[in-house]
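Student: The lines below spell out each chain.
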Amino acid sequence: MLLTLATRAATLLGVLVVVLLLVVVTLGATGFSDNILQAVVREEMKGIRESLARTIRDPAQLETALEARRQELVSFYGLDSPWYTRLPGTARRVVTLDLGEARTLRSFKGSARVADIVRERLPLTLALVTTATVITSVLGLLIGVSLATRATSRVDRLLSYLSAISNALPSWWLGILLILLLAFRFQVFPSGGLYSLPPPEGRWDRFLDLAWHASLPVLTLVLVSLGGWVYTVRTMVLNTAQEFFVTVARAKGLPESAVQRRYILRVAAPPILTNLILGLAGSLGGAILTETIFNWPGMGRLYYDAILAADEGVIIALTFLFALIYVAARFLLEVLYIALDPRVRYS
Amino acid sequence: MPRDIWKVLLSSGSGRAGLAFLLVLVAVSFYVVGTYPRDFGLSRWNNPAYWADNPKSAPPRWVSLLGTDTTRHRVWERSRPDSVTPAGDREARLYAFSFSLGPKEVPTFLSLSLADAVYYGDPPLLSLRLSRPDGKEIGLFSYSLPGPRPGEASPTARFQDTPLRIFLSRDEALLRSTSRFLSQEFGLQLGPPELMGKVESALFGTPQGEGFVPLPGDYTLAVQAVTTDSRDRIGQLKLVVGGSSYGAMGTDAVGRDIASGLLFGFPVSLIIGLSTALLVTAIGAFLGVLSGFSGGRVDTLIQRSCDILVNIPLLPILIFLIFVLGQKLWLVLVILVAFGWPGLTIITRSMVLQLRSGQLVEATQSLGASRWRIMFRHLFFQVAPFILAQLIFITPSAILAEAGLSFLGLGDPSIPTWGQILEQGFRTGAVYVGYWWWVLPPGILIVLTAMTFMLLVLGLEPLVNPRLRSRF
Numbered sequence: 001m002l003l004t005l006a007t008r009a010a011t012l013l014g015v016l017v018v019v020l021l022l023v024v025v026t027l028g029a030t031g032f033s034d035n036i037l038q039a040v041v042r043e044e045m046k047g048i049r050e051s052l053a054r055t056i057r058d059p060a061q062l063e064t065a066l067e068a069r070r071q072e073l074v075s076f077y078g079l080d081s082p083w084y085t086r087l088p089g090t091a092r093r094v095v096t097l098d099l100g101e102a103r104t105l106r107s108f109k110g111s112a113r114v115a116d117i118v119r120e121r122l123p124l125t126l127a128l129v130t131t132a133t134v135i136t137s138v139l140g141l142l143i144g145v146s147l148a149t150r151a152t153s154r155v156d157r158l159l160s161y162l163s164a165i166s167n168a169l170p171s172w173w174l175g176i177l178l179i180l181l182l183a184f185r186f187q188v189f190p191s192g193g194l195y196s197l198p199p200p201e202g203r204w205d206r207f208l209d210l211a212w213h214a215s216l217p218v219l220t221l222v223l224v225s226l227g228g229w230v231y232t233v234r235t236m237v238l239n240t241a242q243e244f245f246v247t248v249a250r251a252k253g254l255p256e257s258a259v260q261r262r263y264i265l266r267v268a269a270p271p272i273l274t275n276l277i278l279g280l281a282g283s284l285g286g287a288i289l290t291e292t293i294f295n296w297p298g299m300g301r302l303y304y305d306a307i308l309a310a311d312e313g314v315i316i317a318l319t320f321l322f323a324l325i326y327v328a329a330r331f332l333l334e335v336l337y338i339a340l341d342p343r344v345r346y347s
Numbered sequence: 001m002p003r004d005i006w007k008v009l010l011s012s013g014s015g016r017a018g019l020a021f022l023l024v025l026v027a028v029s030f031y032v033v034g035t036y037p038r039d040f041g042l043s044r045w046n047n048p049a050y051w052a053d054n055p056k057s058a059p060p061r062w063v064s065l066l067g068t069d070t071t072r073h074r075v076w077e078r079s080r081p082d083s084v085t086p087a088g089d090r091e092a093r094l095y096a097f098s099f100s101l102g103p104k105e106v107p108t109f110l111s112l113s114l115a116d117a118v119y120y121g122d123p124p125l126l127s128l129r130l131s132r133p134d135g136k137e138i139g140l141f142s143y144s145l146p147g148p149r150p151g152e153a154s155p156t157a158r159f160q161d162t163p164l165r166i167f168l169s170r171d172e173a174l175l176r177s178t179s180r181f182l183s184q185e186f187g188l189q190l191g192p193p194e195l196m197g198k199v200e201s202a203l204f205g206t207p208q209g210e211g212f213v214p215l216p217g218d219y220t221l222a223v224q225a226v227t228t229d230s231r232d233r234i235g236q237l238k239l240v241v242g243g244s245s246y247g248a249m250g251t252d253a254v255g256r257d258i259a260s261g262l263l264f265g266f267p268v269s270l271i272i273g274l275s276t277a278l279l280v281t282a283i284g285a286f287l288g289v290l291s292g293f294s295g296g297r298v299d300t301l302i303q304r305s306c307d308i309l310v311n312i313p314l315l316p317i318l319i320f321l322i323f324v325l326g327q328k329l330w331l332v333l334v335i336l337v338a339f340g341w342p343g344l345t346i347i348t349r350s351m352v353l354q355l356r357s358g359q360l361v362e363a364t365q366s367l368g369a370s371r372w373r374i375m376f377r378h379l380f381f382q383v384a385p386f387i388l389a390q391l392i393f394i395t396p397s398a399i400l401a402e403a404g405l406s407f408l409g410l411g412d413p414s415i416p417t418w419g420q421i422l423e424q425g426f427r428t429g430a431v432y433v434g435y436w437w438w439v440l441p442p443g444i445l446i447v448l449t450a451m452t453f454m455l456l457v458l459g460l461e462p463l464v465n466p467r468l469r470s471r472f
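Protein chains in written order, with our numbering: chain A, 1 to 347; chain B, 1 to 472.
There could be a bad hint or two in this list.
To be verified - To spell it out: a stretch of chain A is covered by chain B in this simulated footprint if at least three of its residues, at any positions, have a beta carbon under 8 angstroms from a beta carbon of chain B; those stretches are:
1) 159-172
2) 175-188
3) 248-255
4) 272-285
5) 288-297
6) 320-333
Treat the hints as calculated values from the structure; they're not laboratory data.
Here a beta-carbon is modelled for each residue, glycine too, at the ideal position from N, C-alpha and C.
The following block holds chain A by itself, in its conformation from the complex:
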């Protein structure tokens, strides 16, 4: 069991390393990292100039002193050597999100540091994706199981069509449809944002307001993935329900609910979870676009804003963080998988 977990962890770590390498090498080879470092040098030079100007009065002397300091900084950051020698440094910067200051984007508190901006947005994305995933999984299980128990051919066919449609439906377009319909035509939900303006007083009211604003994005994410999810659950449950041990359990006279819970669902759980794991990357991507549509100030919307503002530091940080979130979520699910599947646990 530990061995399995260790292999999975190694693979996921490999994923992270590959993403990091890809990011760092691309940045280095295209000269992007040079631009970032040069900006850092310029920033530091500004401070140095101010402090030196207080002690050195002679302008010519000041310039030579500044030039000397600049050379020091350039060689300190390795800007005078080829880009591949700086790869470890760039990697460290990406991992610690030490990516300098954003050009125009600011955190809610007004900080320009990339790390500050991203840190503020992270919980909002996590909240959105987690809520949507939990709702989808619960609904998918309920609907899928109930469909599997009374699978008639007409419902079955309708379901495969619906699942095909939901596979073809981009989350962002569904979001636009929902905005047009529910926010403008019927005005049930707000079209975007985090809170009403002005935000309501009191913790409970604020929470309700937040939930109200989150409902459309969550609905979008749920609708997009529910079709495929229900179909998966239904197929897995149906496959298991045809096994002999289920017939035996029924023959023993066990109540149907117990058969379903302990004999069918318990056995179908691991493959269902596998599908959840496989769909994770897709739902993260869906979240990026859905946040953009609903102006939900998480990391996805930040991506869009950063692209519009061409803010490379923020984009690098977001790419790495999304990979990190994905890997972390994957690992959690793998652990859950091992807990669910006795074959893995006892091998």
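Model the placement of chain B on the given structure of chain A, informed by the hints.
Tutor: Just chain B, lined up with the frame of chain A:
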């Protein structure tokens, strides 16, 4: 085998529907490839001058059938005058544009364009008059072509490359003459600044209360060009009476004909989807068969790379790479292929693993067939139906990935796609002001195209899933 595929496809409803949709997609794509210029994206779509004379953010023409009052968009182009009357040593050339406005029609703008003008003596003098259904006439505007520069050879040519476009609705002189007309005919005192933005409702209406009511009936806009030499030429004269609806699919905020952009998207999305899917399946299937049949170190190497690549979240990487390396469509394809093949390799390998120990392999081996021959003459054709289904299955995901990327503003500016049209609509706020004709059609087309391939996969299911094969 190919005959089997057709039989299976045609026997299911979803297969037939998918094939019908695919036929339409391919037909439209061929039409577009045959009729559109190659550089459509740069020379037309992303060239605002090309769309200047279209109404901005106008709904499609057919909304009037649904009960919304809109004004028709009218464009005239003339290369020769309707009549020429000699006046002394001069000539008055007359271009008359007659049109009839419906009860609720109010033009949204007026514009006059000139191209390819050549004159020998004095520069021609143009004037524009409007006669209204109530018998009133307004001298709107006059314009003299730029005179010859010192030392310029005769004949003088003007506006050969870029036409001169006069946007009459914002023209000072036109506003002044309209103001004069209103005070003379109706006793209304409205200065040119007050008329700015509503000069059309004054020209094509009668004052009532605070504003104007539309005046329906027959109008004539007459352009008179007075020339001093009979050889003078005005190659093209274009008059636009702007409407509030346009074409089959309306226009966007720059006046672009959305229908033309949507049509261009057909071949583009097919090319994106199919070429990505073909490359992914070629690489994925090859490595899958190789990995499954060879085993050993090759297998381990391929499987480890697959494990890692298949686990990389695609959209963030795609965003990052396209942002850093540049917004090129071919680059999107390369990235989609680079991260897309491992999924297929893993599944193909597992199928080949089962087949490898079968009697077919043993028999061909004993006949002395080489490894490559076994792999790609025998094993490959056993998994081929499955790979075909995967090819169709991957196509829509590539189309959707490109659309998502374009939607984030990272589309290739030289090649308009449905995702880009949607993105422009979203970014300029079309969603929030209800310009549905701008955001719904591209989305519907994306979904329909993706659906087409999903339906084909559903139709092929009996071929791929052996459990269902018993039906035939």
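Student: Verify the coverage statement for the region 272-285 of chain A against chain B, using a C-beta to C-beta distance below 8 angstroms and requiring 3 or more qualifying residues.
Tutor: holds (count 3)
Student: So is the region 175-188 of chain A in contact with chain B by the C-beta rule, three or more residues under 8 angstroms, or is the coverage claim wrong?
Tutor: It holds: at least three residues are needed, and the region 175-188 of chain A offers 5 whose Cβ sits within less than 8 angstroms of chain B.
Student: Please verify the coverage claim for the region 288-297 of chain A: does it have three or more residues whose C-beta sits within 8 angstroms of some C-beta in chain B?
Tutor: holds (count 4)
Student: For the region 320-333 of chain A, do at least 3 residues have a Cβ located nearer than 8 angstroms to some Cβ of chain B?
Tutor: n = 5 at 8 angstroms, threshold three: holds.
Student: Examine the region 159-172 of chain A: at least three residues should have C-beta closer than 8 angstroms to a C-beta of chain B.
Tutor: holds (count 9)
Student: At least three residues with a C-beta closer than 8 angstroms to a C-beta of chain B: is that true for the region 248-255 of chain A?
Tutor: violated (count 0)
Of the numbered hints given earlier, the model fails hint 3 alone.
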